[in-house]
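Position chain C against the provided structure of chain H, taking the given hints into account.
Number of protein chains: 2
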Amino acid sequence: MTVLFDDPAKFMEDQLAGFLELYSDRLAGVEGGVVVSDVADRDQVAVVVGGGSGHYPAFSGLVGPGLAHGAVVGNIFTSPSARWAANVGRAADTGRGVVFAFGNYAGDVMNFGLAKQRLVAEGIDVRMVLVTDDIASANEPEKRRGIAGDFSVFKVLGATAAEGLGIDAVEAAGIRANAATRTLGVAFSGCTMPGAQEPLFQVPQGHLGLGLGIHGEPGIEDVPLMRAEQLARLFVDRILAEAPSEAGNRVAAILNGLGTTKYEELFLLWGKVSQELAARGLEVVQPEVGELVTSLDMGGCSLTLMWLDDDLERWWTADAYAPAFRKVSSALPKKSLASAEISTASQMEFAEADAAAQKLATDIRTVAESIATMLAENEDELGRIDAVAGDGDHGRGMLRGINAALQVLKELPEYAGPGPVLGAAGQAWADDAGGTSGVLWGAALEAAGARLENAMYYDAEVAAGVVQAFAQSMVDLGGAHEGDKTLLDSLLPFVQSLEKALHCGVELPQAWSAAAADATAAAADTAQMTPKVGRARPLAAKSLGTPDAGATSMAMIVNRIADHLK
Amino acid sequence: MTVLFDDPAKFMEDQLAGFLELYSDRLAGVEGGVVVSDVADRDQVAVVVGGGSGHYPAFSGLVGPGLAHGAVVGNIFTSPSARWAANVGRAADTGRGVVFAFGNYAGDVMNFGLAKQRLVAEGIDVRMVLVTDDIASANEPEKRRGIAGDFSVFKVLGATAAEGLGIDAVEAAGIRANAATRTLGVAFSGCTMPGAQEPLFQVPQGHLGLGLGIHGEPGIEDVPLMRAEQLARLFVDRILAEAPSEAGNRVAAILNGLGTTKYEELFLLWGKVSQELAARGLEVVQPEVGELVTSLDMGGCSLTLMWLDDDLERWWTADAYAPAFRKVSSALPKKSLASAEISTASQMEFAEADAAAQKLATDIRTVAESIATMLAENEDELGRIDAVAGDGDHGRGMLRGINAALQVLKELPEYAGPGPVLGAAGQAWADDAGGTSGVLWGAALEAAGARLENAMYYDAEVAAGVVQAFAQSMVDLGGAHEGDKTLLDSLLPFVQSLEKALHCGVELPQAWSAAAADATAAAADTAQMTPKVGRARPLAAKSLGTPDAGATSMAMIVNRIADHLK
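Just so you know, the protein sequences line up as chains H and C, in that order. Its first residue numbered 1, the first sequence is counted upward by one per residue in the working numbering. Its first residue numbered 1001, the second sequence is counted upward by one per residue in the working numbering.
For reference, chain H alone in the conformation it holds in the complex:
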C-alpha cells in the first residue's frame, strides 16, 4: 500500500523534489529528471538512463560517478515524454555524446527515439541501448522487456564512460552487456498505485506469479508457492536454459527484491541460489542482493545473471558512487580472519550419579518432553496473546527453549544426575532461545539445578527449595515486581501457595496441584493489569483485557508438572 503522499497526481514531482533536496550536494534537477552536478568536470560520454518512476533506485538512485550521468524520471510506471528525455540528455552532454539506456517498452522506445531525433537535430550524437533481459516475456530475445537486468547494463555503460571510452565503444559495451544478461522473476503480491485502494493485481493464495513485470503486471503463469530451495533451482534451471551461446563460467549475479520482499528473505534465497550456481560450475563475481529495480510495494524477486568476459568483469566490478549503489574497492579490507581464531563453546563434564539420582534425572527428562509437547500445542495461542501488546514471539521462543533443552538432554550421558540435567537444560534454553523469557528460564533452570545437585528423590523440602531457587533467580535477574504483568504474576502466587501447603503438611502432589490451580487463576487475573516493564509497557492500554503471555505459559508448565506428580 502506498500511503505517503499529498496529491496522488503529483506523487512523482513531490518525491523527486524530496530526492533532490536530499542529494543536493551532488545531483541537480532539470525538467524531466536529474543529472550529476559536476557534468562540466567530466569529459565523458553521458549515460542517461530512465523510464517511469516507482522503480527506485532505478532510475534516479543510480546517478553518480561510475554509473549514470543522468536519469529521466517519468510518472509512476509511465514512460517519460520525449521532451523530458531530450532535456536530460542535453543537460548531461559534455560534447562527447549521449547514450540513452532503458528497458524495452513501446512507450520508452518511442519517447527516447523522438528525443534522440531532436538532439541529433541539435548536433548531439545520441545512441540507444535497449535492455531485454526478461526471458519470460518473449521467446525472441529482441522482443523481451527489461527488468532487473537494467542494472547490469547500466553498470557496464557507466564504467565504460568513466574509463573515457568513445561513444561507439560505450554503445557497443552496453549492447554486449545486454546480450550477456538474463533475468527471471516471480511475484508474491501486487503493488498499489498512490491513491488507489486496491493493488494492481493479486497473486492467488498459496501461489506465486512466474515471470513478473516491474509495472504491476501480474506473472505470466501462477504456480504453487514453493520452498526457497526449489525457487532457487527453478531460477537457475530456467536462466541457464537461456544462456547465451559461447557462455563462459564466470557470471555477475543480481538477486533483486521488488519492494516488500525483504533483505533477510533475499539473503536466505541467495544462500540457496549460490549453492545451485556452484553446483553447475558457475563462479559468481561480486553478487548484488537487495533492491535495485523495484515496483512500488510489490512482493517478489528476480535473479539476473550476466555472463562475463574479461572486459565485462572489469566494468561490472569497477567503482561507482550513486545514492543507492556504492562500491569503492579501496574501502574494502585486505586481510582475512583465520578461522582458527574463532572461539568455540566449552564442553561440559558430568560426574556419574547413583541409581536413585539417575532415576530422578530420567523423570525430569520425561517431564521436559511432556512440557515440550504441551508448548507445541499452545504455540499459536501464546503467540496470539503476546501479539496484543508485544511481538508475538512468546510461543515460538518457549518452544525453541524447551527444544534446545531436550536436544542437549539427549546428548547428555545417561548417568548424569538431576542437578546437572536441569543445569544443562537451562544453559541450552538460554543459549538457543535468547530473548527475555529465554534468559530468565535458562538462568532459573540453572539455579534450580544447582540447588537440586544430585538429589536422589524429591520430598517436600527438596521441592520447596528447588522452586524457591528457581523463582528467586527470576526475581533477581528480571528486576520486575509482582503486579508488573510479567511471568512473576503467576510464578510467585504458585510459590506462595505451594510453600504454605507443604508447611501445613499437605503431600507434595496435592500441594503442587492446588498451587498450579492458583497459578492458572493468577495468570488469568493478569488480564486486569497493565504492564510496568518490558516491551509491552508503552502499549499498556492495549494490553488491558489480555493476560500476560509469560504468566500464562508459566501456569501451563506448572500444571503439566502437576499431572506428572500425581
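Rather than coming from a laboratory, the hints here were simulated on the basis of the structure. It cannot be assumed that every hint is accurate.
Incomplete in silico selection of chain H near chain C, CB under 10 angstroms [stated by the list, open to error]:
| hint | residue |
| --- | --- |
| 1 | ASP6 |
| 2 | LEU16 |
| 3 | TYR56 |
| 4 | PRO57 |
| 5 | GLY64 |
| 6 | GLY107 |
| 7 | GLY190 |
| 8 | GLY213 |
| 9 | PRO224 |
| 10 | ALA228 |
| 11 | THR261 |
| 12 | LYS272 |
| 13 | ASP393 |
| 14 | ALA521 |
| 15 | ALA540 |
Just so we're clear, the structure is a prediction, and the values are computed from it rather than from any experiment. All C-beta atoms, glycine included, are put in the ideal place defined by N, C-alpha and C.
What follows is chain C alone, placed relative to chain H:
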C-alpha cells in the same frame, strides 16, 4: 508477508548463511553473529551491536570499517543469548576492549549484561551503551526503547573507534550520541513472522499507529491517516518538544522506512520534513533517508534527529563502509552545475487566425473539455481494464494527457487557429502524459493539427483528411497492426466506416455517429484478441476476455465527439 523460507524455525540461521556467503570477502561468521574479517588488522576498540533479526540492515548490515566491528544476530525479534553476545564480543576484541551497543529492551539488557560478566571474567574490558531514542515509549528518557536512533548511536561509536580513541572515550561518545538522539515513528501496517499467516497486528483502515515499535508492536495510539505534509509537521513538533536541553541548531536526521514504505514515499515525506526543519531554524547535516532499522515487512516510518556539537558532527559525517551503509567522502564530486546551464523548453508563437477559424478553434477547446470530463468519469474503469494484463495506468495517463492539453489551451491566445490549437494540445499531451499512449496521442494530435492548419470550417473533406492524418501518425509511430490488440483496433474500423459513409454522401454528423458506433463494437471485439505487441504481450492468455484499454478509450472519445457534432 514473509514468503521466502524453508523451515520457519531456521529462518535466522538460513538468512545469515546467505548473508555471510554474499559478504565472504569482508565478513566472517562466528557462533551467534558476524565480525569484520580483518579484526587482527585493527588496533581499535571493538564496537559490537546487536539484537534480534528482522531489522536488516540492523544489525549485520552495519558491520564494516567506520561502523561496527561485529553484530550479534538473534532470532527474529528476539534478543540473542548471552553466549552468542559473548562469542561475538570475544571474536571482535583486539585487546582494547568491547563496547556492546543495543536498544533498551529487557532481553537485550539481560543477555548482553550476562555476556559482559563472562567477558570481564576472562579479562576483557566491556562497556554497554543502551539506545533510548523512542520518545513515544516512555516519559522517563532512561526507560525509553531503542528504534531507528540505534543507527546514529552506532555511527558515532564506529567513528570514534576508527579514530583510535580509548574505550572510556568511545563509551562516553556513545552515551553522548544517545543523549542527543530522539525518534518518533508511525505504523501503517503490521508485519508477518516467517511461517505465520496473519500479521502481528493491523492498523485500522484509514488510520496510522503513532509511536510504533520495531518488533511488530502496534502503535501506542491509532490516529486518522494524514497527508505527508501533516505527518511531517507532527514528527517535527513532537520531536522538538522533546529536544535535549542546550540543543543547538545543527542536527543529523534519519527518515527511516520500516520495510514496505518505499523509497519514493520516503523522499516525498523528506521534502516536507526538510521544509519543516528549515522553518524552525534547524540546519540538517547529511540526512539519511532509507531503510536502516526495519521490522520485516512492516509499513511505516520514523524520523530521528540527533542534535550535533562539533565532535558529534565529525563522527556523524565520517566515512564508513558496511554492506548496507557506505559513505566515502572522496568519492563525492566537488563542483556544481550552474543552474544557467539547464535548458528550458522553447516558446511557441501563433499567428492570428480569422474569425471563422477562431470559432472552429473554440469548438475544439469545448470538445476537449468535454472529453476531459468523460475521461475523468471513466478513469477507474479504464485503469481496471488495463490492469488485467498491463500496469493499470491507462485511465490516469489519458487524463493526465487531456488535462495537460487543456492547461496549454488556456494559456494560448484566443486568436490562435484550430491547427495550432490541436498542435499545441498534442505537444502538451505528449510532454506531460509520457507513456505509450501519451506519445501516440500527442503525435497524432500534432499531425491532425498540421493537416487542419487554419481551416475555417469542417466539412466532410476536411474531417476525413484530419482523421486520416491522425490515424496515419499512430500507425507510423506505433508500428502495430490491426489485430495486435491496440488502440488501432477501434481507430482503424472507425476511420474506414467514416470514410466510406462520407464517400457515399452521408452528412458528417451522421457518418461520424455511425462510425463511432462501429468503433465501440470494434473495441468490445478486442476482448477476443490476444496482444501481439507492447507490455501486455507476455500476458496474452490473461488478456483474453478483456477488451484493450487503448481501443476502449479511443471509442469513448470518438463517441463523445459524435455527441458534439450532432
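Problem set entry | Hint check, failures only | Per hint list: 9, 14 violated.
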